[in-house]
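Line order of the protein sequences matches chains H and S.
With the first letter of the first sequence counted as 1, position 163 gets the number 193 in this note's numbering; the numbers rise by one all the way through.
With the first letter of the second sequence counted as 1, position 86 gets the number 87 in this note's numbering; the numbers rise by one all the way through.
Simulated from the structure, these hints should not be mistaken for lab results.
For clarity, every value in this text was computed on a predicted model and none was experimentally measured.
No residue lacks a Cβ here, since even glycine has one placed at the ideal position from N, Cα and C.
Incorrect hints may have been included.
[Unchecked claim] Over the 12 Å line for every Cβ pair with chain H, so calculated as not near, a few chain S residues:
{"id": "1", "residue": "V16"}
{"id": "2", "residue": "V17"}
{"id": "3", "residue": "G62"}
{"id": "4", "residue": "E76"}
{"id": "5", "residue": "K133"}
{"id": "6", "residue": "K134"}
{"id": "7", "residue": "D163"}
{"id": "8", "residue": "N200"}
{"id": "9", "residue": "F239"}
[Claimed, not checked] Interface residues of chain S toward chain H, partial, derived using beta-carbon atoms under 8 Å:
{"id": "10", "residue": "M2"}
{"id": "11", "residue": "V49"}
{"id": "12", "residue": "R78"}
{"id": "13", "residue": "K79"}
{"id": "14", "residue": "I81"}
{"id": "15", "residue": "F85"}
{"id": "16", "residue": "F91"}
{"id": "17", "residue": "L104"}
{"id": "18", "residue": "N105"}
{"id": "19", "residue": "F107"}
{"id": "20", "residue": "G141"}
{"id": "21", "residue": "M143"}
{"id": "22", "residue": "N216"}
[What the hints assert, rightly or not] With a straight-line cut-off of 25 Å between C-alpha atoms, the simulated DSS-like cross-links for lysine-lysine are:
{"id": "23", "chain 1": "H", "residue 1": "K55", "chain 2": "S", "residue 2": "K26"}
{"id": "24", "chain 1": "S", "residue 1": "K115", "chain 2": "S", "residue 2": "K133"}
{"id": "25", "chain 1": "S", "residue 1": "K133", "chain 2": "H", "residue 2": "K45"}
{"id": "26", "chain 1": "S", "residue 1": "K114", "chain 2": "H", "residue 2": "K55"}
{"id": "27", "chain 1": "S", "residue 1": "K26", "chain 2": "S", "residue 2": "K158"}
{"id": "28", "chain 1": "S", "residue 1": "K79", "chain 2": "H", "residue 2": "K55"}
{"id": "29", "chain 1": "H", "residue 1": "K158", "chain 2": "S", "residue 2": "K74"}
{"id": "30", "chain 1": "S", "residue 1": "K109", "chain 2": "H", "residue 2": "K59"}
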Amino acid sequence: MTIFSDIGRYLLMIKGMFSKPENGKMYWKEFIHQCTEIGFGSLGIVAIISVFIGAVSTIQTAYQLVSPLIPPSTIAQIVRDTVILEFAPTLVCIVLAGVAGSRIASELGNMRVSEQIDALEIMGINTKAYLIMPKIVAALLMIPLLVVIAMALGIWGGRLAATASGIISGSIYDKGLLEFFVPFNVIFALIKSYVFAFVISSIPAFYGYYVKGGALEIGRASTKAVVVSCILILFADYILSALLLPTQ
Amino acid sequence: MIEVKNIKKSFGDKVVIQDVSCVMKAGQCNLIIGSSGSGKTVLQKCMVGLFEPDEGEILYGGQNFTAMTGSDKTEIRKEIGMLFQGSALFDSQNVQDNVMFPLNMFTKDKYRKKLDRVNEVLARVNLVDANKKFPAELSGGMKKRVALARAIVLNPKYLFCDEPNSGLDPQTSLVIDRLIKEITEEFNITTVVNTHDMNSVMEIGNYILYMYQGNKEWEGNNKEIIFSKNQRLNEFIFASEFLRDAKDMRMLEESGKISNDRNMEELMDKDAPTLVPPQDENGDKK
Chain H
31 MTIFSDIGRY
41 LLMIKGMFSK
51 PENGKMYWKE
61 FIHQCTEIGF
71 GSLGIVAIIS
81 VFIGAVSTIQ
91 TAYQLVSPLI
101 PPSTIAQIVR
111 DTVILEFAPT
121 LVCIVLAGVA
131 GSRIASELGN
141 MRVSEQIDAL
151 EIMGINTKAY
161 LIMPKIVAAL
171 LMIPLLVVIA
181 MALGIWGGRL
191 AATASGIISG
201 SIYDKGLLEF
211 FVPFNVIFAL
221 IKSYVFAFVI
231 SSIPAFYGYY
241 VKGGALEIGR
251 ASTKAVVVSC
261 ILILFADYIL
271 SALLLPTQ
Chain S
2 MIEVKNIKKS
12 FGDKVVIQDV
22 SCVMKAGQCN
32 LIIGSSGSGK
42 TVLQKCMVGL
52 FEPDEGEILY
62 GGQNFTAMTG
72 SDKTEIRKEI
82 GMLFQGSALF
92 DSQNVQDNVM
102 FPLNMFTKDK
112 YRKKLDRVNE
122 VLARVNLVDA
132 NKKFPAELSG
142 GMKKRVALAR
152 AIVLNPKYLF
162 CDEPNSGLDP
172 QTSLVIDRLI
182 KEITEEFNIT
192 TVVNTHDMNS
202 VMEIGNYILY
212 MYQGNKEWEG
222 NNKEIIFSKN
232 QRLNEFIFAS
242 EFLRDAKDMR
252 MLEESGKISN
262 DRNMEELMDK
272 DAPTLVPPQD
282 ENGDKK
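For reference, chain S alone in the conformation it holds in the complex (with noise of 0.2 Å):
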């Protein structure tokens, strides 16, 4: 578990993030979301002591990680691991070295156990027989998967992505969402991600912090935050008139106005009098 207390964050006079708190708790996806500029890079780089914090108190597992000395926290450091926005792969080493990368500093194994390692959290993020390739051969999604895989090998407790469907297609990105939700809870890793992805908010948020212009403008989880009535979130999340509109039919389909279980060939017909589904006699639907 991680918990986030009272972080205040300037640049010379730029108050980035002003009074944050939150818990991260370990087995679930917590999700930092916000628009461009809200901070929420930045909270995500104190947690990890890329920032220092110019007040307040990050603690993993209740040891207060900002009072820590340089030792401490490399040792706390060991136990995290993250994906970066970019990948952040080293471009001079291929897939496998990338990924052994953490063993060999950290390790004192023999080859062979490395290697099994290496490929057995390659199988794991679906990435077999790119062992020997560079990151400049690779694809984004793979890219992601191997960053990935070097953020599990040495099965950290905290796992931190910046980002991680940037530049991705809708299809892969679900991939990678589902990975880290997969792995979470498999590894019971405190996972915080950093995103502005409504599908992975959606799909991972167990829980959701929305930063707004530095501040915690609200907190719950996926499925709280289509019927919230935070004015900003909303403005946030139901960008598009699409997504206001699926927002609607969600409302209408709790309410119980229409069928959640309606088919799209009725919907896509134009002649169709009703979204309501049809009824017998007794008034039962169909």
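Next comes chain H alone, as it looks inside the complex (with noise of 0.2 Å):
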């Protein structure tokens, strides 16, 4: 019953959202205020796990490919659609889920313990509208581009580690990127990356904002945000996979 009744309760506070700014120069402030954590608050660690997912997918992948047959090429290729397809979209988003996504939930936890969010309703602030809205508008524009910034990283980081461990030379590599490249691969990344941008921050906002209790309870609600969102976007990933990749 728990859980239908919090389904309920954050769809109404989805629906809560949607009303007329008090004033709209303070939510856009608001606004870039958010892009500004969720962005560039997160893009040290976003660069750092591409590389890395691409220089290991690279080496990974060249360590599985022993028949002679293959062209050396192919490693590119394969770490390209990987990293495209899978590890910028999804393995970034469950990070972001942890870093992003446990901020909002202990941000809004906070404010909820210590008053503030009625403080703001009893002002005659929509509270939903003024502290969720702006955080999911600036997840939607900065997670997709997070996870754009990810695929070049990945895609930079497998030719560094291809060429510094004389896997490839870096040639090969290039032109192994060129080859047999599907451009609808990126657009997949994309939708994949707004709906996780969606999970990621109302979902964390949903826990955040109806917590009850103390600190402990905020520390317990930023936990199960991060772990119910991660379940999401990996849920999600199967069935957009399965809706929108041809396998056949």
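Starting from two chains that each stand alone, build the complex the way the hints lay out.
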């Protein structure tokens, strides 16, 4: 029963976000603040993860491709498609669920527990619109951008590892990148990143906004928000792959 | 003026408020008192709209707040200021930005005008040179004063204070109480204070509503409360032996059995034969 009431409250929260802003300038300021927090705040970790994922993918693909019949440029193709299709959108978003998601849940949870949300409500401010909406819109803008950056850095990391360890030369890697490139893969990755961005921002916002209790409950809500976000990301990943990728 | 009419509120099976009615007048401090769990916070939250009452009405200046739709409620809420128990200051903003927040949200004034207003209310709560400090750098009393400044910055008609003295020393509590009283009288605000601090009750209680287990048990003012014959109220306000003694002293004073201008040295002197002041030959007090 709890799960159904939670889903109901979540949907009501989303519905409650849509109202006329009391002051557009203040909402814009909050939106820009959230863009900075979610986007620039997560850029470092996204860059590090992407470069290493690309590098490890290159080495492991080369390790598995032992047949002399397969051209070495195939390594670059595999790395490119793996990074674009899965690693950049899914893995980066799972990391972002931990970084940005836990921050959103704990920020709103702290505001709820310390009565800051009540203070805003009493002032006559729609707190769902003022506190949650800018976070979701900022995530929808910044997370796909981070995913695109992750794609580029992942592929570049793969090239770096390939040349540094002498698996293949840079020119072969570059040639492989251009072979059998399917532009839809990038669109598919962006569709995934939009869905994941919504999950990463709205689920932690829900757990943070409705937290009850004290500091301990904020921690629990934050952890629960990250766990549920990760599960939903993986579930959505499967559904989107099954629906959008032609397998035959 | 705020009218509370037959308010009932339950959480699940637990009835928290049962049929409470009262009138909170403008320009005076209206206190809701009662022990923990008596329903005073829930009553106050029903009044400001944070909880929806199950039955009854809340009227602000004759307008039925409970029956209002979202946008009308928002308009009333713009006339409400609230001082929270934990101050509820925004951690990421300094004092100036905290106080300026309602102005930024609801006015289109120029920055200079807003800053002047912020400085004016900060001066009113005796808090100067603290504009750039963050809440984490402030003491409990300073936080309450900033929260009070934020609550009055838009010139509200109604001011709600939830446990304004909790966590404060008696001296700072007195400062906050006096500030609330002065601001209430100065701006003719309808102030509703939720407290169980007896100093506040005696200091600022123009109207006092005593809650007991979700019911209105007693109402009156700070002059009447001390002589109330309500057993539950007496148990609540004279919980300590010291206060019971103080009440006995007050009763003796009122009945003329002791002088209220007695000096403390005399009281402290163990050999003093009586608390009744010495009299001259004609029986007059010296």
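Note to self: What's the verdict on K133 (chain S) and K45 (chain H), does the C-alpha distance respect the 25 Å limit or exceed it?
What the structure shows: Violated, at about 37 Å.
Notebook entry, point to check: Going by Cβ atoms, does E76 (chain S) stay more than 12 Å from chain H at every point?
Noted result: Given that some Cβ of chain H is not farther than 12 Å from that of E76 (chain S), nearest at about 7 Å, it is violated.
Check: Beyond 12 Å from every Cβ of chain H: is that where the Cβ of G62 (chain S) lies?
Finding: holds (16 Å)
Notebook entry, point to check: Is the interface hint for N105 (chain S) satisfied, with its Cβ closer than 8 Å to some Cβ of chain H?
Noted result: holds (6 Å)
Checklist line | Pair hint outcome, K114 (chain S) versus K55 (chain H) [Cα-Cα no greater than 25 Å] | finding: Measuring from Cα to Cα gives roughly 18 Å; hence the hint holds.
Notebook entry, point to check: With 8 Å as the cut and Cβ atoms as the points, is G141 (chain S) at the interface with chain H?
Noted result: violated (14 Å)
Notebook entry, point to check: Given M143 (chain S) as an interface hint, is the shortest Cβ-Cβ distance to chain H below 8 Å?
Noted result: This interface hint is violated because 16 Å lies over the 8 Å limit.
Note to self: Checking hints one by one. Is R78 (chain S) an interface residue toward chain H, by the C-beta closer than 8 Å rule?
What the structure shows: holds (4 Å)
Next item on the list: Examine each Cβ of chain H, and state whether all of them lie more than 12 Å from the Cβ of N200 (chain S).
Entry: Non-interface label stands for N200 (chain S): nearest chain H Cβ at 24 Å, farther than 12 Å.
Note to self: Just to be careful: measuring from the Cβ of V49 (chain S) to every Cβ in chain H, is the smallest value less than 8 Å?
What the structure shows: holds (5 Å)
Next item on the list: Mind checking the alpha carbons of K26 (chain S) and K158 (chain S) for me, to see if they're no more than 25 Å apart?
Entry: holds (11 Å)
Next item on the list: Classify the hint on M2 (chain S) as holds or violated, based on whether any CB of chain H lies nearer than 8 Å to its CB.
Entry: violated (19 Å)
In summary, the numbered hints that this structure violates are 4, 7, 10, 17, 20, 21, 22, 23 and 25.
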